[in-house]
Structure formats: structure tokens, C-alpha cells
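Undergrad: Residue numbers (the working numbering), protein chains in the order written: chain A, 1 to 186; chain B, 187 to 585.
Hint data in this document are derived by calculation from the structure and do not stem from the laboratory.
One should not assume that every hint holds.
Stated by the list, open to error - Okay, derived cross-link-like pairs now, PhoX-like style, lysine-lysine, Cα gap no bigger than 25 Å in a straight line:
| # | chain 1 | residue 1 | chain 2 | residue 2 |
| --- | --- | --- | --- | --- |
| 1 | B | Lys528 | A | Lys148 |
| 2 | A | Lys159 | B | Lys528 |
| 3 | B | Lys528 | A | Lys167 |
| 4 | B | Lys528 | A | Lys144 |
| 5 | A | Lys167 | B | Lys457 |
Since the structure is predicted, the reported quantities are computational estimates derived from the model, not experimental observations.
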Amino acid sequence: MTSTATPVNNGVNVEALLGARTALTDAPQAADFTWRATCEWRNGTHSTTVVDDFFGLGAEQKHRTRYSFDVDHPEIFASEDNGATPVEYILVGLAGCLTAGVAAVAQMREIQLNSVAATVEGAMDVRGILGMDTDVRNGFSSIKVSYKIDADATPDEIKALVAQSQKRSAVYDIITNPTDVRVEVV
Amino acid sequence: MSRCLSDRSIDHVVLERGEVANAWRTERWDSLRLLTPNWQCRLPGSPYGGDDPDGFMTASEVVDVMAQYAKAVAAPVHTGTTVTSVRRADDGYLVVTDQGEWRCETVVLASGAFNVPRVPEFASALPPSVATRTTMTYHNPHELDDGGVLVVGASASGVQIAHEIQRSGRPVTVAVGEHVRGPRMYRGRDIHWWMHAAGVLDERYDEVDDIVRARRVPSMQIAGSPDRATFDLNALTGIGVQLVGKFAAVSGTRAQFSGSLRNKCALADLKLGRLLDTIDEWAITSGLDDSVPPPHRFEPTRVPEPPRLGLDLAGGEIRTIIWATGYRPDYSWLDVDVLDAKSMVRHDGGVAESPGMYVIGMPFLRRRKSSFIDGACDDAQDLAGHLAAFLDGRAASAR
């Protein structure tokens, strides 16, 4: 459904995104990005991870400002709770990625969003990370995301936004498919 | 294409590595039938003339039809002639074959999109205890070991093969990635009848939003079975087939399946809903709405709860893996700079980026139905017209 009275504006610059697609078709090597984070241990389970620069479009790039994230465990794990747990950051990433996707797809399809809210829950049996039962995996046994979306669109069009967002989401892909991970000491 | 060129008195030859309809003779499984009903198997100047317009041809019937048509239109076919190289020469092309060379002003690449099975790289890391086949080397369930079969891919080929293997008593698991769901029948008519009538199949390549993506859309999950049964994932689940997500990787002896199954099914259900909306709207505007059964929607795809994320291939559960993961064209013989980074010919609706070169028989070449016989019929007429104009233009400028 398209609103004819006022142009759809979800704050997404679709022209720029489409322009990037065209540019990267001609210069695919510019599409190679490296995302980075640097982590420093504080004390106990507390660490601080900073996100600042990354590589893309053939050059070093910088965020507008440095972002810092405290990572810790809650007090019921006998920790000081100086920040969110690492697994909660995974949920942050998934929610942020899917929600950005919903906005971008809505803009592309000329659907005005009025509100978008998501609840993300990751179920975990902690006997895995405590090494109590090798049959229990360390990570989430499942993740559930619930969206409440108010938009100028039919229910099926809203479902299609969320489905398409998953299809194009980096974090959804990272979580649902295996990734080669190499951890080394230098 | 040959018939359309003859209609325009354009001198040509047709080079065929084997016999006419070679792939249909040698590279198709035993039970395969066309996805399109007989009435839709129109060839230029030759509408379907048989007595079963709503039936579906077997592979050997397709061979017969093609061979008879080649004879009827007196196509100058050189069988047993394998092209080893096509390159630019002077103002045209030099075509080298194992039976000699040809020089021509124009060349039509009609070798199709289905030459080499597209198998993921990790296929080479499978444990040796598992036998593998592709849709090109699979013939029937009885040639397989007893025991479980993993069919990778849930498009038309994958669902058909999964269905007959499960029926043979071998338990089947299907790895499901992106797919297009379709019922065989809707509101009392064949889905292809609706898509044809509502203009969906005639949608042109220069009218769709993203032709690159449209050309990569997998085939609809249908089969040309005489009982007009639906072959969607619910039909497979109904006979005991297990669904898992896309086959994502092999780790040691363990097959890993993507956790995206639920969304892949949701995408396909929503896409089917949009197709049926289009059909229902057309039924109203065309005045057909009252003369066919009322609109309805199909049950959402049932996804196993929780979906399985892996299995041990060395555990004995799976004895055979069948790759139904599609094909890619083989242009290893094409020595002309017209291939893109994905080794596909750069073309505009079948007019390749090399003067006088054409492509035919590719998905969504000029219209959604381009991969069907009916689509090749219209495409051949369009492209023969373009080719004739190209030759006329060249003749005019030479004067």
C-alpha cells in the first residue's frame, strides 16, 4: 500500500543504497569490508571493547566517534555486572540488524513505518558453558524475535518486510550459518 | 529458432553435439515429465495438436516431439557435432567443431542454462561412505542403496525426486533453501493456466524491478504428474519426508544445516500469497470470478519444531546424497569476451554484447516463461526479427 498524500519517509536514503549497488557492480573489490573491534580486559569477567575504524570502499574508514562497550556477567554469576553479557550483545546485533533491514526494505517498497518494536529472546541451557554436560551446547538452543510493527501496509506486507529483512541480514546469516573462526595468540 | 530463421529465408545450420533433444535423451531422470501442460508446448507454427491438452509429456515424448518438429520444419541439423570453439573472425564468427569449421555472420547460443550441475565446494569434503549423485546422474530410486537419502534442494527437481524416493521406502530428508512454492491446481484450473491467462508468464525482462535477481529465481515446486498432485513441502511432510534447512557446510563428518528454514518457508508462503492475489484480481477483472470455485489460501508450510541443525553423515542414517541444487551453463568453448564475472553471457533480452551474437533458452531471457518451450517460441520469433534486422543493416551499410 502506498501513501499518496505525503512521500514515504523512514529516514533511509534509498537512492544512496541503490547508487552503492551500481557502483559496486562496476568495482566489486570495493565491496570487501573488514569490521574491527579491540578488546581490553579490565578485571574478572569485565572487559571493554572499542569500535572505531574499519576498512571498506578500498580505504581505511572511521566511525563518526569511538564507541565503547562494557562487557561483564551479572551478579548471580558472582560477577560485578559492569555491562551486558557477550550473548546479550549477540541479541543486540540481531535486533539492530533486522530492524535496520525492516526500515530499509519498507523505504524501498514505499511503506511508511509508524512504529517498530522488537523483543529478542535467546534460550540457553547454561550447563553447557559450565562444562556440566557435553551434550548441551554452549550457545543459544534457539532465538525468538517478536516484532510489533505499525505501518501503512497490510498484515501480509508487514510480514513480508520482516521476512525480506531476515533474507538480507548479516547477523541473521552469521547466527544461522556456520562461520570459519580462527583465534590465534600473537 | 531454426524455423523462425527459415521463415525469413536466412541461411543457417543447427549444430547438435548428440541427437536432437540430446539432454532430454540422456540427462534426465526416468519419471520426469514437463512442468507445463501439453497445450502450452507450442512451437513456432505448431500449436499442440494431440488429444490430451491438459496432460504432461514424459521426457521420451518430448524427444519425439522435438525430433518430429525438426523433421517437419526441415531444420538443417548437424547431429554428432560438438562445438569446441566460437571466436570472432573478420566481421562475424569462426565456429570450430569436431566435424570441421564454420564461418558465419551471426551465431545463436542455444546450449541452454542446464549444462553442469551446480554443486557446492564442500561436496568434496563428504565422507566416502556416502554415495552422491546429481539430478543429471540420478535415474530412479531403485539404483540407490537401501537406507536414508538426503536430497539437497527443494525446487521442482528436488521435490519430485524426494517424493519418489520416499515412496520407494527409503527415508528422505530434504535440505531446503530459497524456493518457490506452487500448487498444481488452484480454483479448478492448472496454475500454469492461471499464470499464462493473468499475464504473469508474459511479464517482460525490461518490466521487472531487478532482472538479475528475477533470472536467479528457482523453479516452482511443481510436477507434471498425471494425477495433478501438488508437490509442495507440506505434501512431502505428509508422506513422511523430513525437512531441514539449507545444507550450509560439512564439519568433520557432520552436515550442518542453516537455521533459516522457518524464514525460507515464510518467504515462499508470502510469495505464493501474492501470486494468488494477482490471480484472484485478474479473475475479477476478466469476469471469470463467478464461473470458477471461490478463492482460498493454502495452509502455511509446516516447519519441524525444532528444526534439525545437523546430522552425522558417517552415522549410517544417510547413504546417498542427491544434489538438486541447479545447473550452470558451460561456456568453456566460447572464446568471445561476452561473459560477466559469474560466467554468464552479458545480453539484453537475448541480444548478446557482441554484434551478431544471440542467446536463447535461458531463464527470464525476454519474459518470465523464457525457460519453458512456450517462452522459447516467442523469444525465437523476437530474436529472429532482431537478427534479420542486424543482417539487413549490415547489408545496407555495405552498399
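Undergrad: Return the numbers of the hints above that this structure violates; sort them in rising order.
TA: 1, 2, 4
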